[in-house]
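Chain E is fixed; fit chain C onto it per the hints.
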Amino acid sequence: MEAGSSSGSGGVPQPLPAPSMRSRVFYRFTQQNLPACKPTLTPVSVITTFLLIGIIFVPVGLVCLRASRSVVEIVDRYDVECIPEQYQSNKVAYIKDSSIFKNCTRYLKVQSHMKAPIYVYYELENYYQNHRRYVKSRSEKQLLYGLKYKDTSSCKPQELSNGLPIVPCGLIAWSLFNDTYSFLRGATVMNINRKNIAWKSDRDHKYGKHVYPVNFQNGTLIGGGKLNPNSPLSEQEDLIVWMRTAALPKFRKPYGRIEEDLNAGEVITVNLVNNYNTYSFGGKKKLVLTTSGWLGGQNDFLGLAYVATGFSCILIAILFALIHVKIPRPHGDTNFSPWNRKSNAS
Amino acid sequence: MASGRPLLIPSPKTPTSPYSQTGSDPPPHPDPPPIPLPSSSSSRRSKLPSKSQNSSGGTFSFPTELRASKRSSSSSSRQPTTAQRFPSRRSDSMTGSQRDIPDSEARFVYVNDPDRSNQPTRLPTNSIRTTKYSILTFLPRNLFEQFHRLAYIYFLVLAAMNQVPQLGVFGRETSILPLAFVLGVTAIKDGYEDFRRHRSDQTENHRSASVLSDRDFVPTRWKDIRVGQVIKVHTNDPIPCDMVLLSTSDPTGVAYIQTVNLDGESNLKTRYAKQETLKHGGVPTSGLIRCEKPNRNIYGFHANMDIDGKRVSLGPSNIVLRGCELKNTNWAIGVAVYTGRETKVMLNSSGAPSKRSRLEAHMNRETILLAVLLFLVCSIVTILGGIWLHVHRDELNDTPFYRKQDFSDREVGKYNYYGIGWEVVFTFLKSVIVFQVMIPIALYVSMELVRLGQAFFMIQDDSMRDAATHKRFQCRALNINEDLGQIKYVFSDKTGTLTENKMEFRCASVRGTDYSRTGDEDDDNGYSTIAVDEQEWKPKMRVKVDEELVQLLRSGEKTEKRERARDFVLGLAACNTIVPLVVDTEDPRVRLIDYQGESPDEQALAYAAAAYGFVLLERTSGHIVIDVLGHRQRFDVLGLHEFDSDRKRMSVIVGCPDKTVKLFVKGADSSMFGVIDKSRNLEIVRATESHLYSYSSIGLRTLVVGMRELSSSEFVEWQSAYEKANTALFGRAGLLRAVAANIETNLQLLGASGIEDKLQAGVPEAIESLRQAGIKVWVLTGDKQETAISIGYSCKLLTSDMTQIIINSHSKESCRKSLLDAIAMTTKFSASNAARNGPGDVGSSKAPLALIIDGTSLVYILETELEEEIFKVATACDVVLCCRVAPLQKAGIVALIKNRTSDMTLAIGDGANDVSMIQMADVGIGISGQEGRQAVMASDFAMGQFRFLVPLLLVHGHWNYQRMAYMILYNFYRNAVFVFCLFWYVLYTAFSLTTAVTEWSSVLYSVIYTALPTIVVGILDKDLSRKTLMKHPQLYGAGQREERYNLKMFILTMMDTIWQSAAIFFIPFLAYRHSTVDISGIGDLWTLAVVILVNLHLGMDIFRWNWVTHASIWGCIVATAICVIIIDCIPVLPGYWAIFEMMKEGLFWFCLLGIIFVALIPRFVVKAFTEYFFPSDIQVAREMEKYGSLNAATATQEVQMSSYSNSHQRIP
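Chains as they are written, first to last, in full-length UniProt numbering: chain E, 1 to 346; chain C, 1 to 1212.
So here's chain E without its partners, still in its complex pose (with noise of 0.2 Å):
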């Protein structure tokens, strides 16, 4: 650290010394004297601020509300009514036995013109995605080599199934929620677009193209659904949807899109198969269709919140205006500083 006479202020102490800019730039910078700007609060500075966001936020809050008002969402919760009257007071019997059927039709009422496309929602609720022992169970590799890949064992506990590799291996994997929704509009049967319901991305170049289901849901305990072992896991859309672990105990996955408009008053019969079971741990399931508004799905809170903000700092403006008119404060009046008062403080 010694060797500062390196700098181009060494030698001659007081004038500047080198001309040349560079070296006085690093004078300037030695000496820390750099140029700089030097922000401070005035009460201009500070009520211009405080409107300003205030003027700014208020009106992005009302377009934000309008922007969630103006999406149409139907929610239906199907769990409980899809259960028949006499397993209602024990589901998991129900839903655990395989030999029942367990078709089920929900009747949906559109309440508001529904423009294409529509996209068609399961929510399920109280359904803990993001477990640590739930999220850590998956092996990206094999999902992307297959067999090939052989060090599974963050698939614990479904990592094996009769002492044999799963592919897809994993909790994650094995618990794919597996009911299925169509849907009827008056008689005819709407088309629904199950394709591109899954990132790109993730068929691209996650999820093997040559990567084939083996010995998946054989084991002793069924999780959830299966997958067809002749198609590939680039082309299992709700694997890899499912496969998204989702951020939140609450959570919505895409299962497809309706491409035609619906109108309102009209009424779609639904005809699902209630296979999942949400029923042994309290989980909710729901059924969703909305339309999609540039801010995504309904949700007042962005909207909300950003009024609140901007009123909020529209209201300490005034306030400090009427403080600062009260009881002004000269700017730089030593008389007002607490050094002239520390005598006896100190």
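These aren't lab readings, by the way, just hints derived from the structure by calculation. The beta carbon of each residue, even a glycine, is placed where N, CA and C say it ideally should be. Hints are supplied without guarantee of correctness; some may be wrong.
[Claimed, not checked] Partial pick of chain E residues on the chain C-facing surface, computed with a CB cut under 10 Å:
hint, residue
1, Gln31
2, Pro39
3, Pro43
4, Thr49
5, Tyr128
6, Arg132
7, Ile172
8, Trp174
9, Gly224
10, Thr245
11, Lys250
12, Phe320
13, His324
Chain C alone, transformed into the frame defined by chain E:
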């Protein structure tokens, strides 16, 4: 003995002869000539000592004795008639008695027989190694040293815990990475430093020296030199190892060495070869030296030598040490006794002192609070997790996301489940791992880097650079920079610290007559020039002279008055240990006489004598040559009693050309008046005493000179005693002291001198500034009370309106009494002050008190029950002046304050006597001045002048404190925000400690995402400009009151942290609650949000935005985005492409924007309201800086300025 030694010329030479013959005839006595040019010698001095030669004075325990013993002298004796001469010797005051070394503790060195010398034990060769590590030991040793930090062990334990499968939260690599990074950075830094040391060792080891081998000197590498080898060193060569001198080019065996690399003293010191070894035609090849085992005392050496069947004793004057340079001597031959790492310089090299700053100590307190907070957070998670498990205990095996059982095999096994009890324990441990960043690991590294940067700027600062010596500020301790901003007490040495330690002769009192009227500045009397060989020789320094005294000295008539005056000046010229050096100047006809000596007082006296016409021209071990008013005369130095701090005087016995033998004594008045014969001239003594009083009251340092003519019987008697003492094997120093005390009696008072020690430039202003900054300045000096008080006045420490309390007692009882009086006085004063100034009355200064206390009183006070009283008195006084204090007392006074208050203390001094004080204080500052480098070596910071203390404390100290305090607080905040974000999420994952943020991001968070801006701000941000800080020293109070970092600030920050983390977490949580968002996507949003937020938070608190700050803050945000994107581009990570999918939606951007505003608004509101309605000093000063012209010097202008800005503000 005398035969074959042509060293003494029996009679004085004629004045001109030695000079006219110079060069033609090998001079019989050492001739000054090969004298380095002033420029070359100074450049050599300024050359930095190589790393290995940094000796630390830190461990010397008796600084006073050291200084006393350093006064080297040649003491040789010669009977005027028989020309008999004894081996030159020095009194061994360090080694004390001349004890024999037991064989078990001795090292046997066989001259010119290295093989035998290295038997039976192999002694190290002369190669040195200052490196700490070798390639093999680097890793284990460096790690071992680094793990002395408790925090690192904490992180190591966590990383180890993470490797347990049940607790595996992070991947193996990611859990070790942060610690590995921190360790790695430090290791690289240490490794680089070590490599540099290695390189400098290499150059040192490969230097060449001439070593005797078969009657010839052959060049040998330094590292191959072994104990016992005979080495020849030429002029200006560095000494390769510690060696005992055998012979030199000087017939008397004198060698001059410069020890600037060893102890920093730039004057020449004399070392002697023994007469017994000189005889051997220059190159003795046999002999046995028994010396003590290597030790680190550079002023002590103890050995004896068997040569030619005789045993001679060797002392510190016979050894030359590695690190010195040979000067003014053509060559010197010695035998290596200590080599390599056993040399004294190597034994003395030790690292800079290690202290821990106040802020860091407070930081550790808050770290413990954070640990408690961490424990709380973990407990909450654990308890909730336990409850969740308990409530769902029957469902666990049926839930797809929590399976207790493993059905992989035919038998149903357990899957990672050990019962609720164990699960709870694991949850707790896992939560500690997940939330570990609550304790900021990166902070330790950041702090080191920031201190390094701050040190760089302190070193570079031109306002702390000594223009005269071109010396920059030095940071020796790198971990207490911020303490400089919190100093409350400054303990200052006087001589050399407040004053320049450049002594200037001012007044003389000769036989009761005061000669202090000096002529005009410009008259030419200050130089007495002598013509030599058509050259002009003149003393290097001119001294103002009193015309009257000059007249008297030069007057032709031989009066008693004139004789005594001449004796006085002769005493000044002769009674010293000055070595004159004649240096060339640019003008070939003029040469300068430079007086080299260890005491600046002696130099001043020698220059004064020269100015009055008694020019000391030459000194050898046996005689001195003085040009007495134009006539060159030779005086034989028959005996010399060195200065020591007990006697406080020195004396010299001179054989004059007129065959008389005179004893000159000079010393402190207290010791001199005891040995002066007062019966003869009482009125002269009285007059001199009154002169001394008036001299010291104007701040002059006084010395008294006495003389006695010795009769031949007295001389013979003295000489035999002196010889006996000098050759004694036991207790030589004591015996010599007794001999001196015997002869130094019944002196005739010649006169007294007053020497001015000039105040350094800017000292009064600096003290005033420090006082305004609320720092108490205490001066601790060895000077007399009168001198101390007068200096106190001249440096504005004392003012005329001060009430002085003087404690000057000689017994414990009287001390107690005066202390009680003083306490009564202070309470009375404070009461009257309180009565006069009501509590609301601001700005009126209370009547200041000054305490003046002397060392004798302190003896009875320190470390007794009276300490409490002195503490009360001293803290009640505004100024404390301690005079006549011993070095250890200085440390005691510092300890008095340090142990009783929590206030920061700073000690500043320049000499060896300040070392103990410097080491005792919280911050020790060494002045690299005239008195060597011992104070610098012991100090934490070193600088050239006292006045640099003002920019150091007021500007750099203030900045460092503000920056560091903010940085610590910010680092706590930054990591806590992140931890709380993780914590909120854990509440929604069934308390299973899942993190949405990818583990790489959580690892990189404090290392890459947010590290750089805080370091840059910690180094570069300035709350106020240098100008403002210098103009208003009161602003320093912020650091003293710990305004920037305290528990309240910490708690407020933590509350803000909770709000901000809640904003970060809950806005996306609520916005995405009905969406298909996956863990990685929302995790990326949280990552970006938290990084942008903490960086903007920092940006909001930055005072000055320059391009470096801009680059680091925006750069860091961009770098984070890039990192997140890169992580999401890896297909085998679960979050593949998540960030792109998120960014496609408007919701993401609206969330980000919303988070930033919602999170920062509360802080901004609080900041705006407090800064505007409850401004701190600093805030007001910042506004002045921005809106008012700082050139407005007077208060009225400031009022105008403020009213202007007032009207300006009314606009909205």
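Against the structure, the hints come out as follows:
1. Using the Cβ-Cβ criterion of 10 Å, the hint placing E/Gln31 at the interface with chain C is satisfied: the shortest such distance is roughly 6 Å.
2. Against a cut-off of 10 Å between C-beta atoms, the interface hint on E/Pro39 holds, since the closest Cβ of chain C lies about 7 Å away.
3. The interface hint given for E/Pro43 holds, since its Cβ lies 6 Å from the closest Cβ of chain C, which is under the 10 Å cut-off.
4. The interface hint given for E/Thr49 is met, as the beta carbon of that residue sits about 8 Å from the closest beta carbon of chain C, less than 10 Å.
5. A distance limit of 10 Å between C-beta atoms decides the matter here; for E/Tyr128 the minimum to chain C is near 5 Å, and the interface restraint holds.
6. Given hint, E/Arg132 at the interface with chain C, holds; its Cβ is 4 Å from that chain's nearest Cβ, closer than 10 Å.
7. The restraint placing E/Ile172 at the interface with chain C holds, with a minimum CB-CB distance near 8 Å, inside the 10 Å limit.
8. Below 10 Å, beta-carbon pairs count as interface contacts, and E/Trp174 has one with chain C at about 7 Å; its hint therefore holds.
9. With its C-beta approaching chain C no nearer than about 7 Å, E/Gly224 sits inside the 10 Å limit, and its interface hint holds.
10. For the restraint placing E/Thr245 at the interface with chain C, the shortest Cβ-Cβ distance is roughly 5 Å, inside the 10 Å limit, so the hint holds.
11. Among the interface hints, the one on E/Lys250 holds; its C-beta lies about 7 Å from the nearest C-beta in chain C, closer than the 10 Å criterion.
12. Against a cut-off of 10 Å between C-beta atoms, the interface hint on E/Phe320 holds, since the closest Cβ of chain C lies about 7 Å away.
13. Taken as an interface hint, E/His324 checks out: its beta carbon lies about 7 Å from the nearest beta carbon of chain C, inside 10 Å.
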